[in-house]
Amino acid sequence: MGNKPSSQTRRQRTNYYGDVLRTGGATVLDVGCGAATFLCEMAADYPRTHYFGVDLLPTCPNTLPHNVKFLQRDVLKGLPFADNTFDFVYVRFLVLDLTEYEWEKVIKECTRVLKPNGWIEMMEPKFAMSNQGPTTERVMSAIQARARARSVDPLIVDKLGGFLTSMKCLRQVNTEMREVPCGSWGGKKGQLGAMFIRDVVKKHLRFIDSILNIRQSEYDNVLNNFTQEIELHRSYFEFYRYFAQKH
Numbered sequence: 001m002g003n004k005p006s007s008q009t010r011r012q013r014t015n016y017y018g019d020v021l022r023t024g025g026a027t028v029l030d031v032g033c034g035a036a037t038f039l040c041e042m043a044a045d046y047p048r049t050h051y052f053g054v055d056l057l058p059t060c061p062n063t064l065p066h067n068v069k070f071l072q073r074d075v076l077k078g079l080p081f082a083d084n085t086f087d088f089v090y091v092r093f094l095v096l097d098l099t100e101y102e103w104e105k106v107i108k109e110c111t112r113v114l115k116p117n118g119w120i121e122m123m124e125p126k127f128a129m130s131n132q133g134p135t136t137e138r139v140m141s142a143i144q145a146r147a148r149a150r151s152v153d154p155l156i157v158d159k160l161g162g163f164l165t166s167m168k169c170l171r172q173v174n175t176e177m178r179e180v181p182c183g184s185w186g187g188k189k190g191q192l193g194a195m196f197i198r199d200v201v202k203k204h205l206r207f208i209d210s211i212l213n214i215r216q217s218e219y220d221n222v223l224n225n226f227t228q229e230i231e232l233h234r235s236y237f238e239f240y241r242y243f244a245q246k247h
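For the sequence shown, this note's numbering gives the first residue as 1, with consecutive numbering after it.
Watch out, some of these pointers could steer you wrong.
As the list claims (entries may be wrong) - Taking lysine to aspartate or glutamate and the EDC-like style, the derived pairs with C-alpha atoms no more than 20 Å apart in a straight line are:
hint, residue 1, residue 2
1, Lys168, Glu104
2, Lys108, Asp83
3, Lys168, Asp153
4, Lys108, Asp87
5, Lys188, Glu41
6, Lys203, Asp97
7, Lys77, Glu104
8, Lys69, Glu41
9, Lys159, Glu176
10, Lys115, Asp153
11, Lys115, Glu176
12, Lys77, Asp45
13, Lys159, Glu121
14, Lys159, Glu100
15, Lys188, Glu137
16, Lys108, Asp153
17, Lys77, Glu109
18, Lys126, Glu176
The hints are simulated quantities; they were obtained by calculation from the structure and are not laboratory data.
Kindly generate the complete structure, drawing on both the sequences and the hints.
Next up, the structure:
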């Protein structure tokens with residue numbers, strides 16, 4: 001899975017990260033950027049850095065900061081950038097989109113465009129929940145079943161560290177895991193966790209209604225029960241962060 005980062009590794013990465021972004025002229029790539037919220041926040045904090053977002057869907061706002069550029073691309077067909085272009089490459093929230101083979105392909109492509117001494121960072125949830133109620137268990141099991149039917153492993157986070165380690169051009173492969181609460185019982189973090197998992201479920205209901213044996217008119221009821229259960233049972237999921245440096 002990768003090593004837990006030592007304090008020295010954390011300092012080294014943080015210092016490199018901060019120094020490069022503050023100095024200006026750095027380039028950052030976000031693969032699976034969605035609405036580019038992260039990139040826009042970074043652009044405000046480090047306005048002298050250039051940011052690129054890539055996503056399969058056109059979910060990015062029409063108006064972006066001057067130093068942010070969005071490209072609608074399928075990363076599986078390759079990234080439209082030259083070798084050694086970016087100081088940082090981020091990959092996130094693709095856990096329910098890629099097969100194991102596709103993950104390896106994406107990681108290779110991301111390391112190709114990463115500069116020597118640059119960092120790649122991957123952030124993904126393990127798509128399984130602890131402390132589930134009956135509706136939560138049914139919904140999560142249905143989403144997992146649909147994923148596996150498409151050869152997608154919802155627990156792929158257990159293998160991502162190994163994929164990074166297998167890349168000979170990478171060093172210092174590290175992993176961090178945090179438990180993310182879902183519900184107001186977990187404070188602000190819990191509210192964000194509940195919002196995230198609820199949005200995922202809402203997005204997937206139309207694909208799993210036949211597995212759950214429900215009609216479209218029942219979507220809201222299922223979603224409400226799910227939301228109430230994760231609060232009542234204090235549900236949580238694991239969130240993994242991997243990062244490594246290129247030789």
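Here is what the structure says about each hint:
For the suggested pair Lys168 and Glu104, the alpha carbons sit about 13 Å apart, so the restraint of at most 20 Å is met. Between the alpha carbons of Lys108 and Asp83 the distance comes to roughly 11 Å, so the proposed pair stays at or under 20 Å and holds. Of the supplied pair hints, the one linking Lys168 and Asp153 is violated, its CA atoms being roughly 24 Å apart against a limit of 20 Å. Of the pairs offered as hints, the one joining Lys108 and Asp87 holds, with about 16 Å between alpha carbons and a cut-off of 20 Å not exceeded.
Distance restraint check for Lys188 and Glu41: the Cα-Cα separation of roughly 19 Å lies within the 20 Å cut-off, and the hinted pair is therefore satisfied. With a CA separation close to 13 Å, the supplied pair Lys203 and Asp97 stays within the 20 Å bound. Taking the CA atoms of Lys77 and Glu104, the gap is about 13 Å. The hint holds against a cut of 20 Å. At roughly 13 Å between alpha-carbon atoms, Lys69 and Glu41 fall within 20 Å of each other, so this suggested pair holds.
The straight-line distance between the Cα atoms of Lys159 and Glu176 is roughly 14 Å, inside the 20 Å bound, and the hint therefore holds. At most 20 Å may separate the alpha-carbon atoms for a hinted pair to count; Lys115 and Asp153 exceed this at roughly 30 Å. Simply put, Lys115 and Glu176 have alpha-carbon atoms about 23 Å apart, too far for the 20 Å limit, and the pair is violated. Restraint check for Lys77 and Asp45: not satisfied, since their Cα atoms lie roughly 32 Å apart, outside the 20 Å limit.
For the suggested pair Lys159 and Glu121, the alpha carbons sit about 15 Å apart, so the restraint of at most 20 Å is met. This hinted pair checks out: Lys159 and Glu100 have alpha carbons roughly 9 Å apart, not beyond 20 Å. Of the supplied pair hints, the one linking Lys188 and Glu137 is violated, its CA atoms being roughly 24 Å apart against a limit of 20 Å. As the CA atoms of Lys108 and Asp153 are separated by approximately 19 Å, the hinted pair is consistent with the 20 Å bound.
A hinted pair counts as satisfied when its Cα atoms are at most 20 Å apart, and Lys77 with Glu109 qualifies at roughly 10 Å. Straight-line distance between C-alpha atoms of Lys126 and Glu176 comes to about 13 Å, which keeps the hinted pair within the 20 Å bound.
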